[in-house]
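Quick note, the sequences are listed as chains P and X, same order. If you count the first sequence from 1, position 33 lands on 33 in our numbering, and the numbers rise without skipping. If you count the second sequence from 1, position 204 lands on 204 in our numbering, and the numbers rise without skipping.
Keep in mind that a hint or two might mislead.
Since the list gives no way to pick one copy over another, a pair counts as held whenever it fits inside one copy or between any two copies.
Computed list of lysine to aspartate or glutamate pairs in DMTMM-like fashion (alpha-carbon distance at most 20 Å, straight line) [said to hold, decoys possible]:
1) Lys-197 to Glu-57
2) Lys-214 to Glu-110
3) Lys-197 to Asp-85
4) Lys-194 to Asp-51
5) Lys-194 to Asp-230
6) Lys-135 to Asp-51
7) Lys-135 to Asp-162
8) Lys-26 to Asp-162
None of these hints come from the bench; they were simulated from the model.
Number of protein chains: 2
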Amino acid sequence: MTQNRIYTAALIIIGDEILSGRTQDKNIGQIALWLNIQGIRLKEVRVVADDQDAIVEAVNILRARHDYLFTTGGIGPTHDDITVDAIAAALGVEVVIHPEASAVLHQYYESRGGINPGRLRMARVPDGADLIPNKMSGAPGIRAGNIFIMAGVPHITAGMLDALTGTLEGGAPLLSRQIGCWVAESEVADLLGKIEKAHEGCQIGSYPFFREGKVGANFVVRSVDDRILDQCISALQAGLAEIGYPTVGGGI
Amino acid sequence: MTQNRIYTAALIIIGDEILSGRTQDKNIGQIALWLNIQGIRLKEVRVVADDQDAIVEAVNILRARHDYLFTTGGIGPTHDDITVDAIAAALGVEVVIHPEASAVLHQYYESRGGINPGRLRMARVPDGADLIPNKMSGAPGIRAGNIFIMAGVPHITAGMLDALTGTLEGGAPLLSRQIGCWVAESEVADLLGKIEKAHEGCQIGSYPFFREGKVGANFVVRSVDDRILDQCISALQAGLAEIGYPTVGGGI
Chain P
1 MTQNRIYTAA LIIIGDEILS GRTQDKNIGQ IALWLNIQGI RLKEVRVVAD
51 DQDAIVEAVN ILRARHDYLF TTGGIGPTHD DITVDAIAAA LGVEVVIHPE
101 ASAVLHQYYE SRGGINPGRL RMARVPDGAD LIPNKMSGAP GIRAGNIFIM
151 AGVPHITAGM LDALTGTLEG GAPLLSRQIG CWVAESEVAD LLGKIEKAHE
201 GCQIGSYPFF REGKVGANFV VRSVDDRILD QCISALQAGL AEIGYPTVGG
251 GI
Chain X
1 MTQNRIYTAA LIIIGDEILS GRTQDKNIGQ IALWLNIQGI RLKEVRVVAD
51 DQDAIVEAVN ILRARHDYLF TTGGIGPTHD DITVDAIAAA LGVEVVIHPE
101 ASAVLHQYYE SRGGINPGRL RMARVPDGAD LIPNKMSGAP GIRAGNIFIM
151 AGVPHITAGM LDALTGTLEG GAPLLSRQIG CWVAESEVAD LLGKIEKAHE
201 GCQIGSYPFF REGKVGANFV VRSVDDRILD QCISALQAGL AEIGYPTVGG
251 GI
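Based on the provided sequences and hints, a complete structural model is requested.
Structure (structure tokens):
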């Protein structure tokens with residue numbers, strides 16, 4: 001197998017509301033799935049408070065370590081929305097009003113009570129940044145170098161991801177196939193480890209469940225190589241069948 | 001106001017299944033809410049891959065920085081469950097079989113097909129660690145110093161949190177009150193900032209929504225001091241009423 005370059009990304013979720021338990025995060029999942037389609041792997045996520053030092057620290061470590069860094073949250077109009085200031089500080093640049101963002105916001109709020117200082121805050125970007133279109137509401141997302149600054153509200157984030165689809169360079173997407181089996185994963189732990197080792201570049205994940213009064217597990221095999229993925233799945237099915245556990249393709 | 005010591009915690013979510021988008025995390029929310037009742041604030045969360053280096057790095061930074069460090073995931077019987085090994089490596093101690101965990105597992109599996117090497121893996125702990133009871137299934141959680149190693153499956157984690165309730169030293173719990181209002185948050189951004197500044201130790205969070213064809217926002221005020229919290233809420237209600245926005249106690 002030719003080893004292609006692997007493109008990686010990190011995500012910073014910015015918001016006291018996640019850390020306090022008030023709000024259930026939905027952005028990790030949707031960004032992870034979207035990235036995979038772009039051929040980019042989400043390698044780490046950090047959830048940080050609405051605190052400039054915490055944001056700056058995470059931004060500077062993760063933007064250097066990965067091809068892409070995404071952030072969600074903290075780009076609204078209120079005093080607790082400090083993401084733009086923190087990222088500008090991390091990059092060592094000024095915060096400026098982006099003329100196009102300002103125009104978008106003036107137009108958006110024309111029929112909604114007019115622009116005001118809070119609303120104009122959402123036109124502020126780190127100097128040199130570009131906009132990410134927001135088709136759901138007025139305030140755009142922001143691209144500053146390899147950093148993608150997105151909304152916290154999941155459906156607005158989704159619209160921004162749509163706008164970015166196909167624009168980021170990625171590698172071979174990580175493929176996955178799942179099979180399921182009525183077995184306690186602890187019965188077959190050894191088998192899983194051996195089959196993973198025998199198939200280079202495959203990872204086997206084991207996800208146990210308890211349903212209908214019985215224990216079972218789904219096994220997900222991931223690889224960038226479709227052929228080896230198939231071989232690994234076949235070996236796993238054969239190995240499980242051999243010890244008396246027939247599998248269900250696609251999972252249970 | 002007397003400033004009491006603030007107790008903080010971090011959480012590491014260990015698992016490729018979260019980073020791939022396969023599984024929606026539910027542990028951040030339940031651990032955040034539980035910690036708050038213990039008088040401990042969740043200050044940061046990291047989601048890392050099933051990768052020893054990534055786990056060791058996060059463990060060593062976060063255990064030094066906070067009073068408590070929680071981890072979820074990677075303590076099952078299979079080859080991808082490497083949390084115990086990684087944390088032992090981070091602590092520079094050996095992995096040993098904990099006799100009590102071994103006894104629990106032998107008993108648990110007696111009527112479930114018997115113990116085997118995969119199942120006995122779940123009795124492995126960093127040397128010197130204690131157990132956290134697991135009333136939901138056989139394998140216990142682990143306490144190693146200020147690190148609490150919990151299951152990834154949310155209802156098992158919940159049982160382990162129950163077992164820890166009241167055992168960790170905390171400070172004054174962070175209190176919160178919410179009010180709601182049919183207003184675009186961008187209309188009142190200025191007001192929120194001013195009122196927060198005027199009430200020391202209070203944080204005001206603003207959470208906009210769009211329902212019944214109208215925009216609104218809930219405002220959450222957080223403080224450890226009940227008296228200042230009440231004053232801040234009253235000032236916010238008065239300020240919003242003054243510009244024509246009556247509020248609903250408890251939020252909309």
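For each hint, the structure was consulted:
1. Lys-197 to Glu-57: neither (37 Å within a copy, 25 Å between copies)
2. Lys-214 to Glu-110: Between copies only: 17 Å across chains, 59 Å inside a chain, cut-off 20 Å.
3. Lys-197 to Asp-85: Between. Shortest inter-copy distance 18 Å satisfies the 20 Å Cα cut-off; intra-copy 47 Å does not.
4. Lys-194 to Asp-51: Answer is between: at 18 Å across copies they meet the 20 Å cutoff, but 46 Å inside does not.
5. Lys-194 to Asp-230: Close inside one copy (16 Å), not across copies (61 Å); limit 20 Å.
6. Lys-135 to Asp-51: neither (28 Å within a copy, 38 Å between copies)
7. Lys-135 to Asp-162: within (9 Å within a copy, 44 Å between copies)
8. Lys-26 to Asp-162: within (16 Å within a copy, 26 Å between copies)
In this structure, the hints that do not hold are numbers 1, 6, in rising order.
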